[in-house]
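*Asks:* Single-letter residue listing:
Number of protein chains: 2
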Amino acid sequence: MAEKKVKNITSRDQDFGAWYTDVVKEADLIDYSSVKGSMIIRPYGYAIWENMVNVLDNMFKETGHVNVQMPLFIPESLFNIEKDHVEGFAPEVAVVTEGGNEKLEEKMIIRPTSEVLFCDHYKKIINSYRDLPLLYNQWCTIVRWEKETRPFLRSREILWQEGHTMHATEEEAREETLRMFKIYETFQKEYLAIPVITGKKTEKEKFAGAEETYTIEAMMYNGIALQNGTSHYFGQKFSKAFGIEFLDKENKLVNPYQTSWGVSTRMIGGLIMTHSDDFGLVLPPKIAPTKVAVIPIGNDERLDLFIETIKEDLKDLNITYTIMDLDKSPGYKFAEAEVKGYPIRVEVGNRDLQAGVVTLVRRDTLEKITVNMNEVIPHIQELLDLIQDDMYNRALQRRDAMIYQVDTIEELRSSYDDPGFFLVNWCGSEKCENSIREEFGLKSRCIKDDVTDKKCIVCNSDSKHSIYFGKQY
Amino acid sequence: MAEKKVKNITSRDQDFGAWYTDVVKEADLIDYSSVKGSMIIRPYGYAIWENMVNVLDNMFKETGHVNVQMPLFIPESLFNIEKDHVEGFAPEVAVVTEGGNEKLEEKMIIRPTSEVLFCDHYKKIINSYRDLPLLYNQWCTIVRWEKETRPFLRSREILWQEGHTMHATEEEAREETLRMFKIYETFQKEYLAIPVITGKKTEKEKFAGAEETYTIEAMMYNGIALQNGTSHYFGQKFSKAFGIEFLDKENKLVNPYQTSWGVSTRMIGGLIMTHSDDFGLVLPPKIAPTKVAVIPIGNDERLDLFIETIKEDLKDLNITYTIMDLDKSPGYKFAEAEVKGYPIRVEVGNRDLQAGVVTLVRRDTLEKITVNMNEVIPHIQELLDLIQDDMYNRALQRRDAMIYQVDTIEELRSSYDDPGFFLVNWCGSEKCENSIREEFGLKSRCIKDDVTDKKCIVCNSDSKHSIYFGKQY
Numbered sequence: 001m002a003e004k005k006v007k008n009i010t011s012r013d014q015d016f017g018a019w020y021t022d023v024v025k026e027a028d029l030i031d032y033s034s035v036k037g038s039m040i041i042r043p044y045g046y047a048i049w050e051n052m053v054n055v056l057d058n059m060f061k062e063t064g065h066v067n068v069q070m071p072l073f074i075p076e077s078l079f080n081i082e083k084d085h086v087e088g089f090a091p092e093v094a095v096v097t098e099g100g101n102e103k104l105e106e107k108m109i110i111r112p113t114s115e116v117l118f119c120d121h122y123k124k125i126i127n128s129y130r131d132l133p134l135l136y137n138q139w140c141t142i143v144r145w146e147k148e149t150r151p152f153l154r155s156r157e158i159l160w161q162e163g164h165t166m167h168a169t170e171e172e173a174r175e176e177t178l179r180m181f182k183i184y185e186t187f188q189k190e191y192l193a194i195p196v197i198t199g200k201k202t203e204k205e206k207f208a209g210a211e212e213t214y215t216i217e218a219m220m221y222n223g224i225a226l227q228n229g230t231s232h233y234f235g236q237k238f239s240k241a242f243g244i245e246f247l248d249k250e251n252k253l254v255n256p257y258q259t260s261w262g263v264s265t266r267m268i269g270g271l272i273m274t275h276s277d278d279f280g281l282v283l284p285p286k287i288a289p290t291k292v293a294v295i296p297i298g299n300d301e302r303l304d305l306f307i308e309t310i311k312e313d314l315k316d317l318n319i320t321y322t323i324m325d326l327d328k329s330p331g332y333k334f335a336e337a338e339v340k341g342y343p344i345r346v347e348v349g350n351r352d353l354q355a356g357v358v359t360l361v362r363r364d365t366l367e368k369i370t371v372n373m374n375e376v377i378p379h380i381q382e383l384l385d386l387i388q389d390d391m392y393n394r395a396l397q398r399r400d401a402m403i404y405q406v407d408t409i410e411e412l413r414s415s416y417d418d419p420g421f422f423l424v425n426w427c428g429s430e431k432c433e434n435s436i437r438e439e440f441g442l443k444s445r446c447i448k449d450d451v452t453d454k455k456c457i458v459c460n461s462d463s464k465h466s467i468y469f470g471k472q473y
Numbered sequence: 001m002a003e004k005k006v007k008n009i010t011s012r013d014q015d016f017g018a019w020y021t022d023v024v025k026e027a028d029l030i031d032y033s034s035v036k037g038s039m040i041i042r043p044y045g046y047a048i049w050e051n052m053v054n055v056l057d058n059m060f061k062e063t064g065h066v067n068v069q070m071p072l073f074i075p076e077s078l079f080n081i082e083k084d085h086v087e088g089f090a091p092e093v094a095v096v097t098e099g100g101n102e103k104l105e106e107k108m109i110i111r112p113t114s115e116v117l118f119c120d121h122y123k124k125i126i127n128s129y130r131d132l133p134l135l136y137n138q139w140c141t142i143v144r145w146e147k148e149t150r151p152f153l154r155s156r157e158i159l160w161q162e163g164h165t166m167h168a169t170e171e172e173a174r175e176e177t178l179r180m181f182k183i184y185e186t187f188q189k190e191y192l193a194i195p196v197i198t199g200k201k202t203e204k205e206k207f208a209g210a211e212e213t214y215t216i217e218a219m220m221y222n223g224i225a226l227q228n229g230t231s232h233y234f235g236q237k238f239s240k241a242f243g244i245e246f247l248d249k250e251n252k253l254v255n256p257y258q259t260s261w262g263v264s265t266r267m268i269g270g271l272i273m274t275h276s277d278d279f280g281l282v283l284p285p286k287i288a289p290t291k292v293a294v295i296p297i298g299n300d301e302r303l304d305l306f307i308e309t310i311k312e313d314l315k316d317l318n319i320t321y322t323i324m325d326l327d328k329s330p331g332y333k334f335a336e337a338e339v340k341g342y343p344i345r346v347e348v349g350n351r352d353l354q355a356g357v358v359t360l361v362r363r364d365t366l367e368k369i370t371v372n373m374n375e376v377i378p379h380i381q382e383l384l385d386l387i388q389d390d391m392y393n394r395a396l397q398r399r400d401a402m403i404y405q406v407d408t409i410e411e412l413r414s415s416y417d418d419p420g421f422f423l424v425n426w427c428g429s430e431k432c433e434n435s436i437r438e439e440f441g442l443k444s445r446c447i448k449d450d451v452t453d454k455k456c457i458v459c460n461s462d463s464k465h466s467i468y469f470g471k472q473y
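If you read the protein sequences in the order shown, they are chains A and B.
When we follow the working numbering, the leftmost residue of the first sequence carries the number 1, and every step to the right adds one.
When we follow the working numbering, the leftmost residue of the second sequence carries the number 1, and every step to the right adds one.
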């Protein structure tokens with residue numbers, strides 16, 4: 001039997017949007033601030049981000065990347081160098097016009113992304129093929145002046161990482177684009193337990209200034225898409241615009257080939273909307289800041305001793321834990337452990353110990369498991385792995401059940417409002433892509449395959465690709 | 001014999017300022033950018049910062065602190081709440097006046113420090129004594145619109161951490177102020193090998209809005225002071241201004257007591273100006289991103305085998321290393337290892353191995369030590385500890401030799417231009433403090449002791465304190 005719900009959380013099936021913001025607030029992940037469009041990431045939310053950063057940073061370093069720190073500001077003249085890029089970002093930048101009590105001679109744009117800053121630096125440090133590749137990454141805050149904001153999903157300030165690399169050959173840069181894309185996929189599957197659909201964006205949806213954009217598309221519980229990471233191949237577009245050149249092995253001047261790739265705190269939003277429920281957060285063990293919550297019920301010497309032993313054992317195994325011994329009712333503590341999404345709750349009272357047993361509660365299923373008190377630790381270890389796997393598999397099954405192959409425009413017309421993704425055959429024209437967007441409010445997610453033996457569902461000419469469409473955050 | 005200097009570094013004794021910027025550039029720590037007053041922290045410089053962050057973050061967490069993320073912006077009305085604070089920071093803020101192609105209704109100040117943002121949040125989350133203490137820290141970028149900038153020392157953008165805590169009692173807040181101050185001192189002594197003078201700032205020099213400021217003052221090689229960290233006690237000043245209240249155990253409404261404390265990338269500047277020399281950077285082993293540089297001279301199978309073995313051994317011991325096998329002359333590699341400040345250089349050639357020996361070179365002294373090839377690893381381990389200790393002790397001796405007890409104004413008049421700190425007796429008045437500043441260009445560093453049985457060197461009335469004066473960065 002599930003515990004009584006004492007937190008103030010709207011039902012997920014009743015109002016998904018309200019449910020999401022309730023979970024975010026009740027789990028103490030964020031607070032709103034007096035700064036419109038900016039949120040405060042509270043300790044528990046930030047601890048999730050720190051875990052993500054640590055894992056990803058290791059993955060980046062193991063693949064040869066190093067961290068740097070670029071300026072926060074972009075002088076307007078620098079920002080304006082690459083035309084497509086400017087066009088894409090100009091409508092949503094924040095601009096500093098005063099500094100040190102004076103009006104600035106040149107306006108400063110707060111970085112919405114840092115391609116131009118990296119290029120400006122690369123121009124100075126790249127001279128020879130020996131200087132390449134440059135595999136740089138930056139963890140920082142960017143600013144995009146959004147009109148409508150939502151915690152973690154759309155915010156004026158975003159904590160993220162942006163990788164920026166330069167290569168001597170097109171082949172190498174393309175490999176890098178895919179390598180990092182693959183790292184994002186692995187991270188989201190293995191750590192966040194989020195199944196993702198991966199593929200290339202259409203011309204219309206690609207990043208401003210990129211030649212190609214690869215995207216990680218996750219489907220939320222309600223069937224809506226979350227773009228949860230992108231990797232871009234720029235070719236020589238920026239390196240030509242910025243005049244970056246190197247002498248190759250044959251002593252010829254060449255423009256290097258570029259990539260960039262990024263993920264952000266948006267992944268926390270994806271984590272919530274994939275796994276959480278009406279009792280609050282559900283976190284996969286591998287990314288949960290606290291893996292085990294131990295709740296003593298009552299107190300006596302024997303119980304104290306048991307708690308001390310389990311603490312030592314968990315510490316030795318590097319399993320993070322919290323002992324919930326605050327002066328509150330067991331019901332309060334159960335609800336608190338649930339809203340925080342601690343993967344396993346250990347309930348233990350005097351009577352349990354007399355009987356030689358302890359109760360483990362899985363947060364993902366709320367299933368209760370009675371185990372011998374001497375076997376708590378191996379059970380916890382096993383259960384953590386099991387929860388991680390089960391969470392992924394459940395999300396995968398749900399996702400797959402909400403992907404619909406749609407062969408005609410009529411089929412789409414009768415089903416487009418169903419939650420999920422629609423896989424359609426498409427001729428590759430922006431006109432047909434726009435037409436689906438306008439009629440059904442669906443945006444292309446990414447290209448699945450080349451499919452040339454079918455017809456485009458819009459114009460009925462030969463198809464080029466099989467492509468996912470869906471509503472998006 | 002020291003290696004030939006191949007890098008372009010001005011002599012430290014000839015022109016300290018030029019030497020400093022040469023070291024910073026030649027060691028690839030930073031690059032200048034097209035953004036006036038902002039620097040690019042390059043991978044090697046950022047790796048030093050990452051090491052500092054990791055150690056400090058652990059020290060903060062071990063003392064119960066948690067990380068959060070506050071907004072980058074402060075609405076002007078929020079910024080203006082605490083008067084002393086505004087007065088201190090208003091002249092050097094950067095202001096966002098446009099966002100999303102529109103003029104903003106309210107100007108947004110980019111945080112120069114975040115006391116007001118934390119207070120705005122605390123007002124919402126502090127209700128009862130059970131909510132206290134709140135021990136928060138934030139790693140972030142702040143902006144202060146400085147007119148003159150210098151890499152790491154004075155910059156428009158600063159990477160730092162700012163701790164902000166709230167407590168139920170004055171006693172507890174005062175303890176916290178000193179605890180964190182002590183952590184900074186320990187970190188700088190034990191990791192950076194920088195001896196520091198610690199004490200309270202005068203009323204004139206304290207942080208804008210604080211009741212008391214404690215400072216960590218380091219003396220650079222040239223005798224000039226670097227304020228290298230501060231910890232502030234605010235009392236109830238901000239909590240009253242912001243209307244933050246909690247119900248104490250007796251059910252009475254009370255304003256909590258506050259602290260804040262911070263250190264920044266400025267510590268990298270302090271590291272350089274304390275230890276480095278005409279050959280480049282000298283880094284203490286505990287903070288050096290790369291502790292050992294192995295330089296193979298020539299190549300044959302036996303040498304390759306030796307290199308493989310030493311790599312494995314260093315990896316097993318978690319001693320970071322680089323194998324400098326690039327296609328350059330040994331002289332070039334020696335100079336490169338020196339400018340980068342790798343604490344130990346291992347030089348090994350075919351003939352050395354035939355003789356069964358290897359040469360270790362200490363970066364701090366450039367001393368060469370020939371050791372048995374089978375004892376390289378224990379020698380390296382021992383040497384790393386020794387270098388760390390020796391660097392601290394040398395810096396301490398130099399610092400102590402440049403502190404002068406000055407008993408009369410005449411003595412100060414004849415010596416004020418000597419490099420170093422002057423310890424004087426002082427009546428405690430701002431008038432006398434200002435007089436020393438104006439006549440000699442010396443600013444008070446911090447109060448050493450209470451000294452009441454002497455006379456103020458300026459006004460000759462009874463002294464209150466013994467206090468350090470010095471020139472500063």
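Hints may contain errors.
For chains that are exact copies, the list does not tell them apart, and a pair is met inside one copy or across any two.
Claimed, not checked - In the DSBU-like style, the derived pairs of lysine-lysine whose C-alpha atoms are separated by at most 35 Å in a straight line are:
(1) 311 <-> 286
(2) 454 <-> 124
(3) 471 <-> 103
(4) 61 <-> 328
(5) 464 <-> 249
(6) 454 <-> 147
(7) 107 <-> 189
(8) 315 <-> 448
(9) 286 <-> 123
(10) 107 <-> 333
(11) 454 <-> 25
(12) 311 <-> 182
(13) 431 <-> 286
(14) 206 <-> 455
(15) 286 <-> 237
(16) 7 <-> 83
(17) 61 <-> 123
(18) 249 <-> 25
(19) 124 <-> 36
(20) 328 <-> 443
(21) 252 <-> 454
(22) 333 <-> 123
(23) 431 <-> 328
In short, the hints are calculated from the structure, not lab data.
*Asks:* Each of the hints needs a verdict: does it hold here or not?
*Replies:* Quick rundown of the hints versus the structure:
For a Cα distance limit of 35 Å, the shortest separation of residue 311 from residue 286 qualifies both inside one copy, at 19 Å, and across copies, at 31 Å. In this assembly of identical chains, residue 454 and residue 124 lie within 35 Å of each other by CA distance neither inside one copy nor across copies; the values are 50 Å within and 59 Å between. For a Cα distance limit of 35 Å, the shortest separation of residue 471 from residue 103 across copies, 32 Å, qualifies, whereas the shortest one inside one copy, 43 Å, does not. In this assembly of identical chains, the alpha carbons of residue 61 and residue 328 lie at most 35 Å apart only when taken from different copies (26 Å versus 45 Å within one copy).
Proximity of residue 464 to residue 249 under the C-alpha cut-off of 35 Å is found in neither arrangement, the shortest distances being 39 Å within a copy and 72 Å between copies. In the homo-oligomer, the alpha carbons of residue 454 and residue 147 never lie at most 35 Å apart, since the shortest distance is 41 Å inside one protomer and 65 Å across protomers. In this assembly of identical chains, the alpha carbons of residue 107 and residue 189 never lie at most 35 Å apart, being 42 Å within a copy and 42 Å across copies at closest. Neither within a single protomer nor between protomers do residue 315 and residue 448 lie at most 35 Å apart by alpha-carbon distance, with minima of 45 Å and 43 Å respectively.
In this homomeric assembly, residue 286 and residue 123 come within 35 Å of each other (Cα to Cα) only across copies, at 34 Å, whereas the closest approach inside a single copy is 41 Å. Neither within a single protomer nor between protomers do residue 107 and residue 333 lie at most 35 Å apart by alpha-carbon distance, with minima of 53 Å and 44 Å respectively. When the C-alpha separation of residue 454 and residue 25 is checked against a cutoff of 35 Å, the pair qualifies neither within a copy, at 48 Å, nor between copies, at 60 Å. In this assembly of identical chains, residue 311 and residue 182 lie within 35 Å of each other by CA distance solely across copies; the values are 30 Å between and 37 Å within a copy.
Taking identical chains as interchangeable, the C-alpha atoms of residue 431 and residue 286 are never at most 35 Å apart, the minima being 44 Å within one chain and 61 Å between chains. In this homomeric assembly, residue 206 and residue 455 come within 35 Å of each other (Cα to Cα) only inside a single copy, at 24 Å, whereas the closest approach across copies is 74 Å. Taking identical chains as interchangeable, the C-alpha atoms of residue 286 and residue 237 are never at most 35 Å apart, the minima being 39 Å within one chain and 43 Å between chains. Proximity of residue 7 to residue 83 under the C-alpha cut-off of 35 Å is found in neither arrangement, the shortest distances being 50 Å within a copy and 40 Å between copies.
Proximity of residue 61 to residue 123 under the C-alpha cut-off of 35 Å is restricted to the intra-copy arrangement: shortest distance 24 Å within a copy versus 40 Å between copies. In this assembly of identical chains, residue 249 and residue 25 lie within 35 Å of each other by CA distance solely across copies; the values are 27 Å between and 57 Å within a copy. In this assembly of identical chains, the alpha carbons of residue 124 and residue 36 lie at most 35 Å apart only when taken from different copies (16 Å versus 38 Å within one copy). Proximity of residue 328 and residue 443 under a CA criterion of 35 Å is satisfied in neither setting, with 49 Å inside one chain copy and 54 Å between copies.
Within a single copy, residue 252 and residue 454 get their C-alpha atoms no closer than 46 Å, and across copies no closer than 76 Å, so neither meets the 35 Å cut-off. Taking identical chains as interchangeable, the C-alpha atoms of residue 333 and residue 123 lie at most 35 Å apart only when they sit on different chains, with a minimum of 25 Å there against 57 Å within one chain. Proximity of residue 431 and residue 328 under a CA criterion of 35 Å is satisfied in neither setting, with 61 Å inside one chain copy and 57 Å between copies.
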